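> Sequence:
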Amino acid sequence: MADKFRIAIVDLSSDHVWSMGNAFKLQPEVDLVALSDVHQELRDKGQAEFGIPAAYSDHLGMMDEVKPDAIVVCGDNAMKADVTEAAAERGIHVCLDKPMSANLEQANRIVAAVDASGILAMVAYHPFFTDSYQSIKGWIDEGRIGQPYLAKASIGHGGPIEIGLSSYFCEWLIDAKRNGGGSFVDEACYAISMFTDWFGRVAEVSCYTTQQGWRDYLPADVEDNAVAILRFENNMLGMIDAKWGQVGRVQYGRSVHGTEGTVMIGYEDAQVFSRVNHSGSEPSWETVTWPRGVRNLQEAAYFVRMLEHKQTASGAASLEWSRHTQEVIEAAYISAREGCSIKLPL
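So the sequence shown is numbered by the numbering used here: it starts at -13 and just counts up by one.
These are computed hints drawn from the structure, not numbers from a lab.
Computed from a prediction, not measured in an experiment: that's the story for all the values here.
For glycine and all other residues, C-beta sits at the position ideal for the given N, C-alpha and C.
Among the hints, erroneous ones may be present.
What the hints assert, rightly or not - Only pairs whose alpha carbons sit at most 25 Å apart, straight line, appear in this in silico SDA-like list of lysine to any residue: (1) Lys329 x Tyr238; (2) Lys53 x Asn89; (3) Lys329 x Asn94; (4) Lys138 x Ala64; (5) Lys123 x Leu283; (6) Lys123 x Lys11; (7) Lys329 x Thr248; (8) Lys31 x Ala64.
What the hints assert, rightly or not - Using C-beta positions, here's what the derived DEER-type ranges look like: (9) Tyr253 x Val24: 45 to 55 Å; (10) Ser121 x Arg(-8): 50 to 60 Å; (11) Arg164 x Val280: 39 to 49 Å; (12) Ser267 x Lys329: 25 to 35 Å.
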């Protein structure tokens, strides 16, 4: 390819930007040409970290002056619809950090803007791009655990401030309007995105949210503990707990249970127990590991391939499935407020 893709970064307040930006910097087909953020400190850090020549306080001015081929958006969830609409008007492709938006209405705006303009867009649900994710999806699709009937996820961390997230990140993570909620939208989105990509659409959601009460920095409308039960259209069930308060890493926080086996999914490996095509002695647990590479490198390469081949995103990275993830999140919050299960579509 004679010319490289000129990519700019919009907003650096999410701490994900540092690994995502580095991954794009390492792509031989990419030139990082500009960044924008309202904070001078983040602009300076971004330029130093990524070797970016131009920095702006306003993303609209940046897009108009620099005219990048694509942008990577790492700001609060509520800004993503406005930024995507502005990019679509200018014919600029978009990579959004997860989740897609702060609410379903904003997700619908993103879909409409992308569809009307013809730009390419993807949502960076980071696990989707890993070898482990795709391998486990392959096991399920090929019937290694039989017919799946239950998916479970226990996900979360010690809390935004407790685990040392930047003040810029924490500022909007604990703002219900800018984040879309609290721990549920922040953490459960990963599990919802994964489960819907693997098992299809959710038909009904029941959810409880609470605030544990020992954090003096959380506003009253921001939960730090949530549990949801999902019923899929194929009659599978799902259980997700999402919290800011986890003490000690849960080694195997996600699992899929089928009629012929079980997969326990961890951060470093997966364990699978399968009776399919087993001969001889009784089946036993098998541990599978995958090489660890540069964080977010495969997702950056995926977006570059989209640009090269003018292809839309698929699976959990697509706007279709990311919008459905947002719909499930919205249904969960409605359920928690109204004290009843919520049927989809909304």
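> State for each hint whether it applies.
Hint-by-hint comparison with the structure:
Under the criterion of a C-alpha separation no larger than 25 Å, the hint pairing Lys329 with Tyr238 is inconsistent with the structure, at around 30 Å. Note on Lys53 and Asn89: the hinted pairing is violated, with a Cα-Cα distance of about 29 Å set against a maximum of 25 Å. Between the alpha carbons of Lys329 and Asn94 the distance comes to roughly 18 Å, so the proposed pair stays at or under 25 Å and holds. With a C-alpha separation of about 28 Å, the suggested pairing of Lys138 with Ala64 is violated against the 25 Å cut-off.
Among the hinted pairs, Lys123 with Leu283 is consistent with the structure: their alpha-carbon atoms are about 20 Å apart, no more than 25 Å. Between Lys123 and Lys11, the direct Cα distance comes to roughly 29 Å. Violation of the 25 Å bound is thereby established for this hinted pair. For the suggested pair Lys329 and Thr248, the alpha carbons sit about 28 Å apart, so the restraint of at most 25 Å is broken. For the suggested pair Lys31 and Ala64, the alpha carbons sit about 24 Å apart, so the restraint of at most 25 Å is met.
Remark: the range hint 45 to 55 Å for Tyr253 to Val24 is contradicted by a beta-carbon distance near 34 Å. For Ser121 and Arg(-8), the Cβ-Cβ distance of about 34 Å falls outside the hinted range of 50 to 60 Å, so the restraint is violated. Here the CB-CB span from Arg164 to Val280 is close to 29 Å, at odds with the stated 39 to 49 Å. Under the hint 25 to 35 Å, the C-beta atoms of Ser267 and Lys329, about 46 Å apart, miss the expected range.
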